[in-house]
Structures are given as C-alpha cells and as structure tokens.
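Engineer: Here are the chains, one letter per residue:
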Amino acid sequence: MARNDGDAPDRPASARGRIAATVGVIGELLITAGVLMALFVVYSLWWTNVLADREAKRQSGQVRENWAQKGPGALDTKDGIGFLHVPAMRNGEVLVKGGTGSDILNEGVAGFYRTPVKAAMPWDKQGNFTLAAHRDGHGARFHNIDKIKTGDAVVFETRDVWYVYKVYAELKQTSKYNVDVIDQVPKESGKTKPGRYLTLTTCTPVYTSDYRYIVWAELERTEQVDSARTEPKELR
Amino acid sequence: MYGWIWRRLPGNAWVRALISLVLVLAIVYALFQYVFPWAEPLLPFNDVTVDNGMAVSR
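Protein sequence lines correspond, in order, to chains P and Z.
Each residue of the first sequence is one higher than the last, beginning at 7 in this note's numbering.
Each residue of the second sequence is one higher than the last, beginning at 334 in this note's numbering.
Just so you know, the hints here were simulated from the structure itself, not pulled from any lab data.
From the three backbone atoms N, C-alpha and C, an ideal C-beta is built for every residue, glycine too.
Warning: the hint list may mix true and false statements.
If we take Cβ atoms under 8 Å as the criterion, some of the chain Z residues that face chain P in the derived model are [claimed, not checked]:
(1) 361
(2) 378
(3) 380
(4) 382
Stretch by stretch, here's where chain Z covers chain P in the computed footprint (C-beta under 8 Å, at least three residues) [claimed, not checked]:
(5) 191 to 197
(6) 204 to 214
Can you make the complete structure from the sequences, with help from the hints?
Structural biologist: Take a look at the structure:
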C-alpha cells in the first residue's frame, strides 16, 4: 500500500529516496530482531514449561503405574527411580531420572549426576545423592530453591521407601566449575565424615546461568511405604 | 521490506491480511518447533549442572 518509500522498480530512485529506503529497511530489521527476542523469551519461559509439564506428567504416570503393577522385587531404574518432594518449594512431586544432560532435564524432571561425580543412590549405605533440575523453563522444577531453609524437609519417594532428609546447609552462589559441591562427602557443606547426603543443584540468579545454587540435606530417617502410600508427616 | 512483501501478495487488502496472518503463524511455528530448540543450547541461559566446561578442561 505504501507507494512512497522510493523502491518502486519503474523509475530510478533519487539519492534521498535510496537513503530513506535503506533507513526504512534497517528499521524494519531492528523491529524484526526485537520481535524475535520477545518470542524467544515467550518460548523459554512459557512454551518449554508447557512441553515439559506434559512430558513429566506422562512419565510420572508411567512410573506410578509400573509401581502399582509390579510386586516386590528389584527396583527398576530405567524410567525413573522415584519422586522428590520438597514442601518448601511448593511444586508437588518431581520425577527423578538418571543423567543431567539437557535431553533428560528438558523433560521436566530432576536428574541425578553421572558425571563428573557419580551420585550415590538413597538406598546406598553412604554417599551423596546429587540432583540437578532447571530453575526456569523446561518445567522449572527447582525454581523456588531459594525458598528452602535449613531445617526444611526433603523427601524422596521410591516404590517401597520414603527417604526423609533434613536440609542443613545452603550455598547461595558458587562457580559452575565447583564440582566439589557434589562430592560424596561434601566438605564445603561442613561435613567431614561419610554419611547419607542429598544435594540439589540449579542455576542462579533466576533467568541466567552465571552461578550455581546448592542445597545440602542429610538423611534423617526412612519409612516403609504402606499399602495406601500414606505420606510421611513432613508432607502432610 | 514488509511493504515490498505486501505489494507482492495477491488479492485485495483482506486477502492480503489473511495471507499475512498465515505467514506470520507459519514463521512462529517454525521458530518454536525448530529454530528455538536448536538455538537454546547455544545460549548461556539454562545450564544448571556444576560440570559445565569440565569435560573440556580435563
């Protein structure tokens, strides 16, 4: 409709018209770039959550179904080993799977570390059960990690056992290269002896990945799951 | 640029507006489905583990 922008092919454009046309194209490109960035924010903070929530719900349902069908026996660690409940984060249950690659974490689950330090499992005699999940986007399972305070409960649910942990230390900001925080005996949290620990890691500050936020917890007790799957008192 | 595209669309203003809308939706779909999932790991916004970079430096 706009006929006066100087790029009509049927007559040679004046110098002035060419400059105006060039400025116009640059302006449109800048607007386009702005719209693209806005769309990327929408994608990151909304659409990835939609996809991850859907995927996590489907996989969680599968795990629950498996648990309900199979009798007692060896634990199936292929799909997911259990559910993490952190009342302080107020986000319900989080499925836990093996590995911390983006292919796993983008499914809206938490992953236990395989590299650089292999996580111990909650049922191991001792060790550190180390987990990672997204702070924003892709389900944002650890978005409210900053709401966790010392003394809060972290409960891990497997098919047969509730593992009740108590938070004893937080590290609000550390380098992403600080692999020591997921050591089997996390000395940075003040522990020197082997024990049954749990470590949550995610990125901080929110919406960026400059640093890592760490929460350490120690096993307080375990409870056998009953037939009604009655939750331990920390979750009620 | 957009004026140039607009003038090359067929039909009257309503038809052109409809085609424009379809084009915009197709582009947004392509972005959400292909471009953004590809670009996301290349951007430093969503790394949550503490092993980043270690594989390279070891």
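Engineer: Compare the structure with the hints numbered earlier in the document and write down the numbers of the violated ones, lowest to highest.
Structural biologist: Those not satisfied come down to hint 5.
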